[in-house]
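> Per numbering that gives the first Met the number 0: the sequence shown = residues 0 to 111.
Watch out, some of these pointers could steer you wrong.
[What the hints assert, rightly or not] Ranges between beta-carbon positions, derived for each pair:
| hint | residue 1 | residue 2 | range |
| --- | --- | --- | --- |
| 1 | S90 | A31 | 47 to 55 Å |
| 2 | I72 | L32 | 47 to 55 Å |
| 3 | T75 | S51 | 27 to 35 Å |
| 4 | M67 | A29 | 14 to 22 Å |
| 5 | S90 | E20 | 45 to 53 Å |
Just so you know, the hints here were simulated from the structure itself, not pulled from any lab data.
Here a beta-carbon is modelled for each residue, glycine too, at the ideal position from N, C-alpha and C.
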Amino acid sequence: MYVKRDASGRIAQVSRDKTPECNEYVMAGAPALVAFLVDEEVGHDEASLQTSDLAFVRVLEDVIGLLMDKGVINFTELPEAAQEKMMARQSLRRRLNGLGLVGDGDEEDGVI
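With the hints as constraints, model all of the structure from the sequences given.
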């Protein structure tokens, strides 16, 4: 593998082929290379999880709303912190919808 290092000497980029940027050869099992690859994979997984979490929050909002609409739970039965967060999100969503910054794509796509 060929690598490019940053100013501190850490691997910043990897290539299978020698390129003008990646011109230093490093053995495939070299500790620095393994550390770089693990960091990249963990970073990708964390970003994927965070994206999933953001989408899941909307699903939870919709489920809580549905449970309240059906009378299964009352808003006042939620913990006070949950009530505050729900109200803050609803207020923010209304403001952003009013400005046209948040679309209703979830509803149009058949997502809860």
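> Would you pick out the hints that fail for this structure and give their numbers low to high?
The structure breaks only hint 4.
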